[in-house]
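J.: Below are the chains, spelled out letter by letter.
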Amino acid sequence: MLIELTDVRKAFNQGKPNEFWAIQGITTQFEVNRISCLKGASGSGKTTLMSMIGCLSRPTSGRIRLQDRTISSLPERFLTQVRRHTFGFIFQRFNLIPGLSVVENIMLPAYPLGLKASSLRSRAERLLEQFLLVDKASNPVEWLSGGEAQRVAICRALINDPQILIADEPTANLDSRLSREFMVLLDQLSKAGKTVLISSHDPVVFDSPVVDRVVELEDGLMVSGEG
Amino acid sequence: MITLLRKQRYFIDYTLGTMMRHKGKSLGLLSVYTMIIFMLASVMLFSHAMRSEAVALLADSPEIVVQRIQAGRSVMVPADYLQRIGKLRGVTEKRGRLWGYYYDPAVKANYTVMASEQDQLTINDIVIGEGIGRTRGLSVGDYLTLRSHEGKAFSFRVSRLLESESELISSDLLLMNPQGYRQLFGIDESLYTDLVLSVRNPREIQKIAEKLTRLLPDSRPILRSEILRTYESLFSWRQGVMLILLLGSVLAFVIFAWDKASGLSAEERKEIGILKAVGWETGEVMRMKFWEGVIISLMAFLIGYLAAYLHVFYTSAGLFEPVLKGWSVLYPSFQLTPSVDGLQLATLFFFTVLPYTLATIVPVWRTSITDPDLVMR
Ligand SMILES: Nc1ncnc2c1ncn2[C@@H]1O[C@H](COP(=O)(O)OP(=O)(O)OP(=O)(O)O)[C@@H](O)[C@H]1O
Ligand SMILES: [Mg+2]
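Just so you know, the sequences run in chain order A and B.
Numbering-wise, my numbering puts 48 at position 48 of the first sequence, and it's gapless, one number per residue.
Start counting at 1 in the second sequence, then tack on 227, and there's your number in my numbering.
Hints were generated in silico from the structure; no laboratory data involved.
It cannot be assumed that every hint is accurate.
[What the hints assert, rightly or not] As a list, the in silico EDC-like pairs of lysine to aspartate or glutamate whose alpha-carbon atoms are at most 20 Å apart:
| no. | chain 1 | residue 1 | chain 2 | residue 2 |
| --- | --- | --- | --- | --- |
| 1 | B | K497 | A | D161 |
| 2 | B | K497 | A | E104 |
| 3 | A | K16 | B | D598 |
| 4 | A | K116 | B | E511 |
| 5 | B | K234 | A | E104 |
| 6 | A | K191 | A | D161 |
| 7 | B | K250 | A | E104 |
| 8 | A | K116 | B | D598 |
[To be verified] Just a sample of chain A residues kept apart from chain B, beta carbon distances all over 10 Å, derived:
| no. | residue |
| --- | --- |
| 9 | S57 |
| 10 | E76 |
| 11 | R77 |
| 12 | R156 |
| 13 | A172 |
| 14 | Q188 |
| 15 | R213 |
Computed from a predicted structure; not experimentally measured.
Each residue gets a CB set at the ideal place from its N, CA and C atoms; glycine is no exception.
Model the full assembly from the supplied sequences, consistent with the hints where possible.
T.: Next up, the structure:
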């Protein structure tokens, strides 16, 4: 699914004395089936931009199109549908729900689908196996190491089999070996037909051979990586 | 359809899980809430029961009571007033009554003493209310000693314990032979405490009362309907409603303030943000929290109401004792007859469960319509 941004801007606290423009006009496209990487210093607007693409917030002005639908102006109800079926989001700070077990966290996005309990479980189990979490399945997520929490977050992003995977600094808590393994995984997902958008200031990520395109952000503007 | 049900099941499972995770908060909220329901329901059950007692009390009281007023005070009525009244149209029965109070220093309480002709008591017999039986530890065959107006001790044999639908009436009652009554209190043969008239047709009562005041200018007829009205206004439904409205708003305020103070914790806000971000609808998040509110308020309502029921009807509203001091002077101890008013129950429900549920759902709604990106940061 093609993602198309036209002069996208985002202001926080608009109209107040502390008004801040985090994204100041970005026009670009992210191709289907590719791995694109947003790179940039801390505070350059990577998370803000990815949130808008993933329908977690709306641009203050400008337009975001997904294939031939303008998602930036969809009413909330439709945004939920897009979030649920199109995107899998891996958050910068994982955002797992403490107190819930690993497998419960993973199944969370699938509850609203009302699947049969058995098929819900088997989906989750397949992911647990793939990400070597089987023996952690019923542990509360607070007990996990950074790398394990990371993998749980990935499983949760994949449970509804989204077409687009958005990963916000996914390797921040991984050592370089795990980071490289993560890139291999992204390559597999991309070959399986998924569009991947990733942000990072880790060279293991943006210099990785599997990344098709690197876009560089600075103070809310694109400074390199056109086309 | 099945999908929909399964969805609901997942949400309820999740809700129960959330409540277990925040056990401290859930339990705290539940106990505050239960306490409030308990207090409100106790007041309501108590006032309702008192009202029923009053109605029962008046159901078999005479239509007209005639007192004699002298210098603005009621005094004993001469027996010949019965003759002076003569035959009034519509009056089916007229008789003199003897009744008064006896202060028992042993239990520091007043008994109501009445002379009874129906019971065919001998001069040494006495019939006592269950309340007196309980406090004095008396049963049939035991003796109760009362001090006469001259200080002489009279012993009466308990011939029967009074049972009645309404303990409020019978609990503190002593029935004795009229002769015995006169001896005990030193009352002349020619005097009665008051006179009672039975009237078959309630529409004639007013007329008869007017005639009475003309016949006996120093008499004061008291109509049952007037007493009933006094009782009614004392425990009236409207007052009840006022009370509920008042307390209901206090309750809503207390809970709202409590909820505001504890608010949606950062953790809860974040959780809502995450659920939205992974694809839950606003409505689904709210339904989850709605169930949480419903479960807590229903539990609080049931526990609180049940506790109030036990409190009012099985411990005689023990917690209200200080407030009811006035009553307990008159009534050594009594147990209310259990009765529940459906309308009252419904009112309590709507003024507690509803505002609470609304008060909790509003902040959830506000959080869940905010961009998840903002909420999660
Ligand atoms: N809710 C908000 N209110 C005000 N300012 C905000 C808000 N959210 C983000 N910002 C600001 O917007 C800018 C961009 O933030 P963003 O999180 O997108 O940066 P980033 O590139 O993801 O940084 P990092 O690499 O540290 O994650 C920052 O300066 C941040 O302080
Ligand atoms: Mg960021």
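J.: For which of the previously enumerated hints does the structure constitute a violation, in increasing order of number?
T.: Hint check: 1, 8, 9, 10, 11 and 12 fail, others pass.
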